[in-house]
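Protein chains: 2
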Amino acid sequence: MKNALLVLLTAACTLSLQAKIVTKDVEYQQGGTTLQGYLAYDDATTSPRPGVLIVHQWLGLTDYEKGRAKQLAELGYVAFCADIYGKDSRPKGVAEAGPLSSKFKSDRTLLRARVNAGLDQLKKNELVDPKRIAAIGYCFGGTTVIELARSGAELNGVVSFHGGLDSPTPADGANIKCKVLVLAGADDPFQKPEDLDAFEQEMRDNKVDWSITFYGGAVHAFTQPNPGFSNPGVKYNEKADKRSWQAMKDFFAEIF
Amino acid sequence: MKNALLVLLTAACTLSLQAKIVTKDVEYQQGGTTLQGYLAYDDATTSPRPGVLIVHQWLGLTDYEKGRAKQLAELGYVAFCADIYGKDSRPKGVAEAGPLSSKFKSDRTLLRARVNAGLDQLKKNELVDPKRIAAIGYCFGGTTVIELARSGAELNGVVSFHGGLDSPTPADGANIKCKVLVLAGADDPFQKPEDLDAFEQEMRDNKVDWSITFYGGAVHAFTQPNPGFSNPGVKYNEKADKRSWQAMKDFFAEIF
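Protein chains in written order, with the numbering used here: chain A, 1 to 256; chain B, 1 to 256.
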């Protein structure tokens with residue numbers, strides 16, 4: 001009987017402790033540039049746990065990605081938002097975001113270096129089990145996590161939410177060591193059919209463990225309630241947002 | 001303290017009761033033909049619960065579908081395997097399955113009548129909540145559950161596992177009242193690209209709530225360990241089997 005009571009009390013304490021999410025900005029370097037990421041984790045325990053890297057949209061690291069980091073911390077992961085652009089390169093709106101994201105999409109070597117710097121930062125966190133790592137990304141970040149996989153990075157899996165899938169170097173698919181999950185809008189006008197075909201062929205040619213889901217009625221940026229501009233091809237879709245988040249959780253349950 | 005013990009005892013009893021899965025053959029009629037379906041449910045409670053119709057592959061109602069029915073009963077659903085071909089039309093192998101499945105795929109009116117007869121049978125079971133109904137199907141059955149939706153049947157959702165998606169009457173997409181989930185092999189040689197394109201257009205044109213997932217490396221019949229014949233385009237894929245089953249469970253969690 002004492003044991004039963006102890007179990008109940010422990011459960012109650014655990015529940016209250018789990019709500020303590022710690023967040024902080026973290027500065028780090030890549031190629032002489034100072035980057036400023038954002039860390040979130042549950043302070044209730046000190047035991048090593050899986051780490052999830054989050055890569056931002058074309059607007060850079062915003063409250064949107066920080067919110068996702070907190071959600072992931074509540075699920076029990078250490079979440080780290082990478083900064084691809086740099087601490088001093090925070091676009092104020094889409095007019096600045098366009099050229100910045102294009103710069104990195106045109107220079108995949110630099111893009112890979114920046115995202116790998118974020119990955120290294122996450123892996124060396126003492127709360128993270130470096131053998132259980134995933135990376136997720138939205139739009140520009142969805143492109144970036146696929147590029148992270150193509151760089152040959154050591155991690156368990158990547159999840160691209162409405163990210164572009166094009167590759168200037170499809171032979172680099174041979175470097176992919178992790179599982180790949182793509183979550184896409186079935187009506188995304190920014191997803192070119194020829195890029196999609198080439199991506200699928202790249203996955204096939206290299207026997208990657210991959211899946212892709214298309215959400216009917218969903219266009220670009222379907223997980224983003226405030227995309228920052230108005231365009232009929234860019235719209236939040238609550239169903240696709242919830243379904244894709246669940247798909248990510250299932251993927252994590254499999255790879256961790 | 002007494003309450004704590006009671007909770008533990010109740011939990012233990014519930015666990016032991018949940019294992020009691022009842023199964024039985026059920027005869028029913030459609031258009032003068034006797035059909036023989038198969039019912040599975042958990043006998044632990046008498047409270048109404050969601051019902052899941054299962055539609056068989058081209059080989060007819062076999063131990064494969066019965067096994068799925070038992071799995072669904074263990075998840076807490078009333079599962080009913082429909083019989084599309086008839087009690088006296090059980091193919092002994094693929095040589096007999098080919099013409100039989102073709103007969104029904106060529107006569108969608110008859111196919112719809114047969115699958116709706118199965119749906120009615122499930123709905124009138126006293127353990128079933130007729131407002132919470134789904135239908136799932138494999139290969140030929142995957143085609144059939146989409147056809148069930150196109151018939152305008154009242155149910156919450158359908159799940160097609162590696163089913164053909166072609167339609168001789170795409171305008172019937174306008175009848176669809178339920179959610180549609182398609183789980184497909186990315187390398188299924190029996191899935192014609194033109195059928196896939198037409199299906200997606202049908203879903204779009206009619207604003208159906210739909211999603212499709214393609215599992216990389218999976219060919220036709222990826223959930224079927226014993227397809228009954230040898231063909232490089234037909235092969236069990238354990239990962240795709242598990243992932244698609246999880247996707248179905250997530251879908252049920254959403255629609256029920």
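Simulated from the structure, these hints should not be mistaken for lab results. It is possible that part of the hints are untrue.
[Said to hold, decoys possible] DSS-like, lysine-lysine: derived pairs with alpha carbons at most 25 angstroms apart:
| id | chain 1 | residue 1 | chain 2 | residue 2 |
| --- | --- | --- | --- | --- |
| 1 | B | Lys-177 | A | Lys-177 |
| 2 | B | Lys-177 | A | Lys-239 |
| 3 | A | Lys-239 | B | Lys-207 |
| 4 | B | Lys-239 | A | Lys-131 |
| 5 | A | Lys-177 | B | Lys-242 |
| 6 | A | Lys-249 | B | Lys-249 |
| 7 | A | Lys-192 | A | Lys-207 |
[What the hints assert, rightly or not] One-sided and incomplete, this derived list gives chain A residues near chain B with beta-carbon spacing under 7 angstroms:
| id | residue |
| --- | --- |
| 8 | Tyr-28 |
| 9 | Ser-167 |
| 10 | Gln-201 |
| 11 | Met-203 |
| 12 | Asn-206 |
| 13 | Trp-210 |
| 14 | Gly-216 |
| 15 | Trp-245 |
| 16 | Met-248 |
Every residue gets a Cβ at the ideal spot worked out from N, C-alpha and C, and that includes glycine.
Status of the hints after comparison with the structure:
For the hint pairing B/Lys-177 with A/Lys-177, the CA-to-CA distance comes to about 42 angstroms; that exceeds 25 angstroms, so the pair is violated. Our distance criterion of 25 angstroms between C-alpha atoms is met by B/Lys-177 and A/Lys-239, whose separation comes to about 17 angstroms. A hinted pair counts as satisfied when its Cα atoms are at most 25 angstroms apart, and A/Lys-239 with B/Lys-207 qualifies at roughly 14 angstroms. Taking the CA atoms of B/Lys-239 and A/Lys-131, the gap is about 21 angstroms. The hint holds against a cut of 25 angstroms.
At roughly 21 angstroms between alpha-carbon atoms, A/Lys-177 and B/Lys-242 fall within 25 angstroms of each other, so this suggested pair holds. Annotation: proposed proximity of A/Lys-249 to B/Lys-249 holds, straight-line Cα distance about 13 angstroms (limit 25 angstroms). Taken as a hint, the A/Lys-192 and A/Lys-207 pair is honoured in the structure, with Cα atoms around 23 angstroms apart against an allowance of 25 angstroms. Evaluation of the A/Tyr-28 hint against chain B yields a violated restraint, the C-beta minimum of about 33 angstroms exceeding 7 angstroms.
Because the beta carbon of A/Ser-167 sits about 16 angstroms from the nearest beta carbon in chain B, more than 7 angstroms, this interface hint is broken. Checking A/Gln-201 against chain B: minimum C-beta separation of about 11 angstroms lies over 7 angstroms; hint violated. For the restraint placing A/Met-203 at the interface with chain B, the shortest Cβ-Cβ distance is roughly 5 angstroms, inside the 7 angstroms limit, so the hint holds. A hinted interface residue such as A/Asn-206 counts as satisfied when its beta carbon comes closer than 7 angstroms to some beta carbon of chain B; here the least separation is about 10 angstroms, so the hint is violated.
With a least beta-carbon distance of about 4 angstroms to chain B, the hint placing A/Trp-210 at the interface is held under the 7 angstroms criterion. Interface hint status for A/Gly-216: upheld, as the beta-carbon distance to the closest one in chain B is roughly 4 angstroms, under 7 angstroms. The beta carbon of A/Trp-245 comes no nearer than 11 angstroms to any beta carbon in chain B, farther than 7 angstroms, and the hint placing it at the interface is violated. The beta carbon of A/Met-248 comes no nearer than 11 angstroms to any beta carbon in chain B, farther than 7 angstroms, and the hint placing it at the interface is violated.
In terms of the numbered hints stated before, the structure departs from hints 1, 8, 9, 10, 12, 15, 16, listed from lowest to highest.
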